[in-house]
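Residue numbers (the working numbering), protein chains in the order written: chain A, 8 to 982; chain B, 1358 to 1773; chain C, 25 to 129.
Everything labelled a hint here was simulated from the structure, so no lab data went into it.
Model, not experiment: these values are computed from the prediction.
All residues carry an ideal CB built from backbone N, CA and C; glycine is no exception.
Please note that a few of the clues may not be correct.
Said to hold, decoys possible - Heads up, simulated DSS-like pairs for lysine-lysine below, C-alpha to C-alpha not over 30 angstroms straight-line:
#1 B/K1646 to A/K492
#2 A/K978 to A/K863
#3 B/K1386 to C/K108
#4 A/K147 to B/K1386
#5 A/K147 to A/K165
#6 B/K1421 to A/K439
#7 A/K735 to C/K108
#8 B/K1625 to B/K1646
#9 A/K674 to A/K437
#10 C/K75 to A/K437
#11 B/K1454 to A/K437
#12 A/K165 to B/K1454
#13 A/K439 to C/K108
As the list claims (entries may be wrong) - Partial chain C-side listing against chain B, Cβ under 7 angstroms, derived:
#14 T60
#15 R71
#16 E116
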Amino acid sequence: MTGFRSPAGGRIDRSKPVRFTFDGRQMHGHAGDTLASALLANGIHLVGRSFKYHRPRGILSAGAEEPNALVTIDRGGGRETPNLRATQVELHEGLVARSQNRFPGLRFDIGSINNAFSRFLGAGFYYKTFMGPRALGGAKLWARLFEPAIRRAAGLGKAPAGPDPDRYANRFAHCEVLVIGGGEAGLAEALRRSEDPACRVMLCDEQAELGGWMLVEAPERADEMVEALAARPNVTLLPRSQAFGAYAQNFVAIAQQLADPLALPDPDSPRERLWQVRAGEVVLASGAIERPLVFPDNDLPGILLAGAAETYLRRYGVLVGRKIAVLTACDSAYGAAFALQDAGAEIVAIAETRAAPGAGEMAACAIARGIPVLPATTIIGTTGHLRVSGILLGRLRPDGTAEPSGGFPADTVLMSGGWTPSIHLFSQTKGKLRWDEALGAYVPAAPAPGQAIRVSGAAAGEMPAGMCSRALGALPVPGSPDRVKAFVDFQNDVTARDLRLATREGFRSIEHVKRYTTTGMATDQGKTSNLNSLGIVAAETGRSVPEIGLTTFRAPYTPVTFGLFAGQARGDLFDPVRRTPMHDWAERNGAVFEDVGSWKRAHYFLPRRPVDPAASGHAAMHEAVQAECRKVREAVGLFDASTLGKIEFVGPDAAEFLERAYVNPVKGLGIGRCRYAVLLNEAGFIIDDGIIARLAEDRFHVTTTTGGAARVFGMFEDYLQTEWPELKVWQTSVTEHWAVIAVQGPRAREIIADLVEGIDLSDAAFPHMAVREGRIAGMPCRLFRVSFTGEFGYEINIPAGLALPLWEKLAERAAEFGGGPYGTEAMHILRAEKGYIIVGQETDGTMTPDDVGLGKAIGRKKPDFIGKRGLMRPDLVAPGRKQLVGLVAEDRSRVLEEGAQIVPDSLAPAGTHALGHVTSAYASAALGHGFALAVVEDGRSRLGQVLHVPMERETIAVRVVEPVFLDPEGKRLHG
Amino acid sequence: MKFSLFSLLHQGLTGNQGWQPQWRDPAPKPAYDVIIVGAGGHGLATAYYLAKEHGIRNIAVLEKGWLGGGNTGRNTTIIRSNYLWEESEALYEHSVKLWETLSHELNYNVMYSPRGVMMLAHSVHDVQVTKRHIHANRLAGIDNEWLTPEQAQEFCPILNISRDIRYPILGAALQRRGGVARHDAVAWGYARGADRLGVDIIQNCEVTAIRRDASGRVTGVETSRGPIAARKIGVVAAGHTSVVMGMAGIRMPLESFPLQALVSEPVKPVMPCVVMSNTIHAYMSQSDKGELVIGAGTDQYTSYSQTGGLHISQHTLDAICELFPMTRRLRMLRNWGGIVDVTPDRSPILGQTPVPGLFVNCGWGTGGFKATPGSGHVFAATIARDEPHPIAAPFTLERFTTGRLIDEAAAAAVAH
Amino acid sequence: MLLIRCPYCGMDRPEIEFRHAGAAHITRPGPPDRVTDEEWAAFLYLRDNPKGRVAERWRHIHGCGRFFNAVRDTVTDVFVVTYKAGEPRPPESLAPEALTPEARP
């Protein structure tokens, strides 16, 4: 025997030694080991420090329920993961593991001073102090002094510093049966159901090897069953796959480990995969978890669950100790004791909390093996510091107390307090539970409506009588139980006396106890502690466990990597990017983009992009934007308006529909004519605007804002399908179909004239607010004579796939005329100079058409339209509403800040009522000064008034003016 | 017993046997002056201030489950007052001021931690909206300041301010007085405080009907523990408000949605403040225990199930991993849901109802925790005086008829 | 993620294909000048918001695009039935439909 490794047996590959390090110390294990089994094989029990008292802690379990053995695994290159359970980490060559929450080291940890003061640090102590004297600032002391200190002390491992180099995959799957758990019950269920070749069966298990407890007890049988399943084409086996969440209608989320268990993972392989499985039926065969016993100092390294010890021996060939004491409340610890004895360990005694060991057979067998069996005995204390060195026994009296009854030296203590069915996923689906008195645990009773979930095997409470135990809660000790530390929740350092204190303080609901003491709220989510907590609270309050209740089980069953949820959704895949056909051209020509909805829009162009990125700041932008504006006003500008929403309405009732939808009259709109239109919600507030163009009696081309396109289309669909289904009209989103090139400026006609076929461009034949279909540069187009700049201009709609060559041609020509492309910023300035609103900038969901000066657009004679009744509500017609106005600072060079507030007086103490705010503000090349749009209470009656804009260090005087700054007569529009 | 370092030391030295129940577990009396329906933070605070400031001691708080078990104990505990409209500013700022002294007021450490709340702007439109908030807040005397991306990262070093991400951070608004508090402690502190003033907090007592006399005025409630009379009833039932108000024949402008939140495993401190991004829906802070506390969005459908879809938390973590790339290897420990009652304008309803004697405090949606002290304070005054507290006055039910909404959501909506 | 049967497609499909569209069977009152402020407010904002069965609207937005109605239990999130727009709300006594495997695509 080397170290604590048995000479033979187990599932490890003894021909393959594996090197690993723990806290820098190099050790060996074997292929097939977990980190925990390899550490134990090297004689190491002490692997961590507890959360609050920094007590030395060892490996308690052999599975997902492990509360103590949390480690950081560092693969290098940013692949560092804190808080992993050593019992679940598969060993591979070169594995680097570190213990956590200790300084300077595991064996000596300064934080363990907390242990000495534990009497002052009971449950909820922090609610009672750290408030600081009121005179010293009260809350400030907490935030500046106490809280930072507590924060530094808390936390487990350290978060990685850098971004994660790994990637994560996602897969959806459907099957008739999903079996969760690859133990005997699960494998049997999968075999039975997959006999029907049409029945797709999936089976997942968190461990690398399927077989569950059979891998300990009957590995050959496990192999046979797995082989039989693997041979069936209708079966999908998912080892290393933890079903962590169960959702409505048989929807289960599974986290599959791919790269981490491997020494040399394929660099192209994802680290983990998220499976989202919709099953016809879910069979939960997740087994049961052994419960610790709650006795004084039950948390010393070397004290572990009996089933775990048996697992380490029979599955991994590891002896957890040489001189072993056993404390049990049921039969299942005997198997572990016998196996360890057979492997050469000395079993010093089996202490039985039962007065008459249930199945006398096991006790007799032990006695025959020469193991002393002590009925009605408990452990009342342990000795040792970093590892248990002995136990103190106590004899249980019938009155529920205990008296000292000697002790034994021991380097290891095995305990078994019975088994708790793992019903977490069943409970997550809101299945009904039933308290099973014999088992001392909750078992599934009935699935929730809509859930086809069945629980099988130990998870359903199907366990031999010998595994059952009613020993919940704390075991008796001589004297006051509040003088000892008997741990219930190992990770969060919650002791039986904490739970008793909480009940004394009136926390009687288990949810209150849980939150006050933090029991069950650690990273193991109370897998080993919940029922003992319930038992203690029940005993303390004199009620039954069902009366105390059960805390809700919440996903995930075990912690799941954030990256697994995010999957591929990073960078551009976080949210799809929409780009116009001109995007690449814009990029080549120095466009700086802004995000508008999902679109990237050219914000402005920096044709000669400075090498120094700092120079591309505000000044460069300002210069570029002013130049773009000048080009439009003086020559011609090209604007990519492709992102505007576009909807085509067709049908005999198309005009009627639009008449009812928009505030404007539409039925009278002539063929070939356009109208600016405003859309409200039923509350009466502006939500969108655009151009309605009538192409034929029964055909309209309607534009929406960029950000509102999808919402407006969906809203129209709602009215079409459900409100006015009698109307014969069909709408089609053509946003992606048509690219839109706005050609704006005094030279606009010149640069397109010779390209256009079939449309008479003369003012008489094609006036402002007209639309024609024809061809441009040989390509079909819808040509709009519209303007959002106040200049003469067009918007050319052209099939998106054909747009770029036309844009390039027009850009060349524009350049020849001294024009060029302009971006959204220049567009905003140009339209603001004309007083045109932008929905979402001048409006904020609280503005009516009249508020923004568009009252005249409303079709007064229309019997109804969306929002008409809303507009009649008292507050929407009340005096004092905010109205759109223009502002010019008294110092005309000033450019106000958008969002700045407006007050009547130059003195505005805190709490002054704001009359309104600046919605748009720019420097204008055309005007030669700054200007702004604003919404101001009774604004239209304040024309000429001087108001004030309070800023951080000054107040700016502004004069209220008409919101149209340029060409109010519209001469430029008409060429 | 007064809580203090001294009492902690004294009890520690004497075996911690002297601690008293923090609240009684009384049986319901036949009649009270005021019944509060719902023992969440808002309901308990209402009872506390009614007893403390208005001399009404004969009060019962009825709770169908356990106190603080609803949204109070399920939220991400963000506290701030940098709202847009003057009505909201007044309400939430009133609350923040109460937070600042609440631990002393209640002799219960609610761990109010003004560590700063940073709200990110990801687009030109976001910047405009954010700056409008800052200007409005400054005028109202509420702290809120603009940070460049670099300043934002200085304040929260794990923030990704790279220009190359899908929605780069263009800046942020920071309210330094904003922060977090310990949610359970708020409920417990108010419960203990109210209990000591004689308020009966009756748990496991579900209201099943509201009784009214011939004039329509309320006379009491039927409960799972029998009838209880009262002249005034304040409904503070969050997600269940529609159900309770339905008992008095009142339909509410409310819908109840599942709202999820989640925490990571505890790690050593990495996150010194609260970060919110309304545009990509990410809200994160770090608890004193070390867990990253993350708020997710609501599901699209109404539900009382307290569970939501996996895809909702998935989308939330997409956003978190974008903003904080170092969190990708951290692991989700717990994911849970609450039921939030949402009004059409995302502002609460607080005040009288058409039924004499019946008052309602609801509609806090996804952000009610921050308002707990202020809401309780002004609601108590409204109940006691039978007229709206000036701060509560704009938040009436009538606003939905007149159209005088207080729409905090609309201003942030994207459209252009 | 809920599984929803579109009554037009006749298939159970995952929730992400659908968009919830609020309470069902709410009639838009009119004509506007005959509607009181209270009636309009009720249409706009007042909702039953029941704990139990709710009649609600969904749109199969990433499928056939149609709006339809559903009765769902808001406590369990189980769909009782889905039906086409314009059809009346089914009787309260209806038992939840069996989500049988045959009904799946």
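Now the hints, each set against the structure:
Taking the CA atoms of B/K1646 and A/K492, the gap is about 22 angstroms. The hint holds against a cut of 30 angstroms. For the given pair, A/K978 sits about 21 angstroms from A/K863 by alpha-carbon distance, which is consistent with the 30 angstroms threshold. A threshold of 30 angstroms between alpha carbons decides the hint, and for B/K1386 with C/K108 the separation of about 51 angstroms lies outside it, so the pair is violated. For the suggested pair A/K147 and B/K1386, the alpha carbons sit about 41 angstroms apart, so the restraint of at most 30 angstroms is broken.
Taking the CA atoms of A/K147 and A/K165, the gap is about 27 angstroms. The hint holds against a cut of 30 angstroms. For the hint pairing B/K1421 with A/K439, the CA-to-CA distance comes to about 20 angstroms; that is within 30 angstroms, so the pair holds. Taken as a hint, the A/K735 and C/K108 pair is honoured in the structure, with Cα atoms around 19 angstroms apart against an allowance of 30 angstroms. The straight-line distance between the Cα atoms of B/K1625 and B/K1646 is roughly 9 angstroms, inside the 30 angstroms bound, and the hint therefore holds.
At most 30 angstroms may separate the alpha-carbon atoms for a hinted pair to count; A/K674 and A/K437 exceed this at roughly 56 angstroms. Between C/K75 and A/K437, the direct Cα distance comes to roughly 16 angstroms. Compliance with the 30 angstroms bound is thereby established for this hinted pair. For the suggested pair B/K1454 and A/K437, the alpha carbons sit about 41 angstroms apart, so the restraint of at most 30 angstroms is broken. Taken as a hint, the A/K165 and B/K1454 pair is broken in the structure, with Cα atoms around 35 angstroms apart against an allowance of 30 angstroms.
Taking the CA atoms of A/K439 and C/K108, the gap is near 34 angstroms; set against the 30 angstroms cutoff, the hint is violated. At its closest, the beta carbon of C/T60 sits 9 angstroms from a beta carbon of chain B; the interface hint therefore is violated under the 7 angstroms criterion. At about 6 angstroms, the closest approach between the beta carbon of C/R71 and any beta carbon in chain B falls short of 7 angstroms, and the interface hint on this residue holds. Taken as an interface hint, C/E116 does not check out: its beta carbon lies about 16 angstroms from the nearest beta carbon of chain B, beyond 7 angstroms.
Of the numbered hints given earlier, the model fails hints 3, 4, 9, 11, 12, 13, 14, 16; all others are met.
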